[in-house]
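There are 2 protein chains.
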Amino acid sequence: MKQETRKEEIISTAAKLFKEKGYSAVTMRDLASAMGIKAASLYNHISSKQDILKVIIISLAESFTEGMAVIQSSNDLCLDKLRQIVKLHITISSQNVYGMASLNNDWMHLEEQLEYYLKLRHDYENDFRNILKQGIDSNEVIDKNLDVMLFSMLSTLRSLYLWIPKKEDLNLEELAANLSNVLINGINK
Amino acid sequence: MKQETRKEEIISTAAKLFKEKGYSAVTMRDLASAMGIKAASLYNHISSKQDILKVIIISLAESFTEGMAVIQSSNDLCLDKLRQIVKLHITISSQNVYGMASLNNDWMHLEEQLEYYLKLRHDYENDFRNILKQGIDSNEVIDKNLDVMLFSMLSTLRSLYLWIPKKEDLNLEELAANLSNVLINGINK
DNA sequence: AAGCTAAACTAACAAGCGTTAGTTTAATAT
DNA sequence: ATATTAAACTAACGCTTGTTAGTTTAGCTT
Chain A
1 MKQETRKEEI ISTAAKLFKE KGYSAVTMRD LASAMGIKAA SLYNHISSKQ DILKVIIISL
61 AESFTEGMAV IQSSNDLCLD KLRQIVKLHI TISSQNVYGM ASLNNDWMHL EEQLEYYLKL
121 RHDYENDFRN ILKQGIDSNE VIDKNLDVML FSMLSTLRSL YLWIPKKEDL NLEELAANLS
181 NVLINGINK
Chain B
1 MKQETRKEEI ISTAAKLFKE KGYSAVTMRD LASAMGIKAA SLYNHISSKQ DILKVIIISL
61 AESFTEGMAV IQSSNDLCLD KLRQIVKLHI TISSQNVYGM ASLNNDWMHL EEQLEYYLKL
121 RHDYENDFRN ILKQGIDSNE VIDKNLDVML FSMLSTLRSL YLWIPKKEDL NLEELAANLS
181 NVLINGINK
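These protein sequences, in sequence, are chains A and B. Numbering (the UniProt record's numbering) for the first sequence: 1 to 189. Numbering (the UniProt record's numbering) for the second sequence: 1 to 189.
Calculated from the structure, these hints are not laboratory results. Treat the hints with care, as some may be off.
Repeated chains share a single entry, so a pair holds when one copy, or any two copies, can fit it.
List of simulated lysine to aspartate or glutamate pairs, DMTMM-like, C-alpha gap at most 25 Å [what the hints assert, rightly or not]:
no.	residue 1	residue 2
1	K16	D76
2	K54	E20
3	K87	D147
4	K189	E174
5	K87	D123
6	K133	E62
7	K167	D123
8	K87	E66
9	K21	E112
10	K54	E111
11	K87	D137
12	K133	D169
13	K54	E115
14	K16	E168
15	K21	D123
16	K54	E140
17	K119	E168
18	K21	E111
19	K54	E8
20	K144	D80
21	K189	D143
22	K7	E62
23	K133	E174
24	K49	E115
25	K167	E125
26	K49	D30
27	K38	D143
Input sequences plus hints: build the corresponding full structure.
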């Protein structure tokens with residue numbers, strides 16, 4: 001358990017390939033080749049292809065769950081909580097752009113952990129919705145189209161992994177401020 | 001060329017499976033089984049698996065290109081053009097929820113048509129950006145964060161295929177109005 | 001120098017892949 | 001009745017898949 005370096009290297013290389021072609025289209029030989037070794041050698045470090053996907057997705061999903069728990073338990077205004085959610089997505093997405101692709105596109109290929117993942121996602125969306133609901137109750141947020149608002153914000157935040165790597169010299173603090181502003185106040189002058 | 005019915009049936013069944021598991025994870029035997037026939041029988045109607053993907057994606061991409069051309073050539077205010085773009089995405093997405101999944105997630109598996117697809121997508125995004133830019137020039141739209149605005153709107157619109165089928169009794173006109181309002185005016189009270 | 005260990009290797013497997021060739025079936029048109 | 005045709009079938013192909021077993025290599029520890 002001392003040297004997890006090689007295993008982590010395999011997992012992050014896999015995440016990179018999964019982002020480009022998707023889990024199913026990446027073969028163990030592709031992954032081995034990207035690592036400069038033979039396919040069989042991978043199994044000195046990981047137990048199966050499925051295991052790689054599990055590690056990538058579940059660790060990310062749990063990061064979101066933990067982040068949401070912190071935000072939820074604060075006493076901040078709802079609009080501030082929403083800003084913190086934006087920040088959470090930007091932070092996690094920028095730290096693991098490749099893994100986020102698997103989280104978004106390959107979760108259905110989870111086997112043992114599929115149900116667990118779905119529960120985490122469901123709970124996360126529910127917490128998000130409740131924050132918006134409280135914003136409506138406290139007169140911070142417009143009292144119409146709750147589902148449309150939630151869908152719109154979540155869709156944008158879930159696509160950050162595609163967008164962040166395309167921008168060079170990206171200041172994450174600035175992005176968080178700008179994106180929060182666009183999501184909360186719109187684009188109308 | 002008279003009876004395209006069976007071929008179209010195969011293609012829409014394939015699109016449904018592609019949405020659930022992705023192009024690479026769906027086998028011709030899966031598709032045949034969903035049609036109630038044997039895999040070899042599919043080849044009486046289609047020439048290859050790749051050909052199915054091509055038909056699904058390119059026809060949708062061209063629909064967006066055509067829709068954008070109409071919007072662009074009008075003399076409407078930029079905010080009205082944006083509302084028409086929202087309508088365009090809702091219309092196409094609701095008519096072909098399954099195909100939209102392939103367009104969004106499996107375009108990288110196109111072979112001969114990959115370059116063509118990328119050009120259509122690039123041009124579409126460019127037209128979208130120019131409409132926003134004109135909105136800034138005409139003082140309809142805030143003059144900051146053009147890229148963030150474009151990213152946010154496009155991300156939401158591209159996710160409609162996931163969201164529309166989850167809502168029952170969905171009035172598309174109403175959705176277009178509500179979504180336009182959220183995207184343009186935000187959620188702030 | 002000898003032993004240990006991490007991490008690579010070769011070789012092979014059973015199963016599944018997309019696809020082709022040739023044949024049968026059942027309905028329609030002559 | 002006969003010929004045609006659309007659409008299914010069986011059987012097989014060459015290749016690729018994830019994975020296992022057993023072996024070799026090279027660097028550290030004693």
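Homo-oligomer pair classification [D143, K38; C-alpha up to 25 Å]: neither (58 Å within a copy, 53 Å between copies)
Checking an output row: K133 and D169, CA cutoff 25 Å. Within, between, both or neither? Between copies only: 22 Å across, 36 Å inside.
With 25 Å as the alpha-carbon cut-off, assign the pair K54 and E20 to within, between, both or neither. The answer is both: 18 Å in one copy and 19 Å across copies each meet 25 Å.
Checking an output row: K21 and D123, CA cutoff 25 Å. Within, between, both or neither? between (29 Å within a copy, 23 Å between copies)
With identical chains treated as interchangeable, where does the CA-CA distance between K167 and E125 reach 25 Å or less: within a copy, between copies, both, or neither? between (28 Å within a copy, 16 Å between copies)
Regarding K189 and E174, is the shortest C-alpha distance of 25 Å or less found within a copy, between copies, in both, or in neither? Both ways: K189 and E174 sit 20 Å apart in one copy and 23 Å across, limit 25 Å.
With 25 Å as the alpha-carbon cut-off, assign the pair K133 and E62 to within, between, both or neither. within (24 Å within a copy, 39 Å between copies)
First find the shortest C-alpha distance between K87 and E66 inside one copy, then the shortest across copies, and answer within, between, both or neither for a cut-off of 25 Å. Cα proximity of K87 and E66: one copy only (14 Å, versus 37 Å across).
For K49 vs D30, is the C-alpha pair at or below 25 Å within one copy, between two copies, both, or neither? both (12 Å within a copy, 22 Å between copies)
If the cutoff is 25 Å on CA atoms, where do K21 and E112 land: within, between, both or neither? Let me know, please. both (23 Å within a copy, 16 Å between copies)
When no copy is specified for K167 and D123, does a C-alpha distance of 25 Å or less occur within a copy, between copies, both, or neither? between (31 Å within a copy, 19 Å between copies)
How do K21 and E111 come out at 25 Å by Cα distance, when the copy is not named: within, between, both, or neither? both (20 Å within a copy, 13 Å between copies)
Consistency with the previously given hints fails for numbers 1, 16, 27, ordered from lowest to highest.
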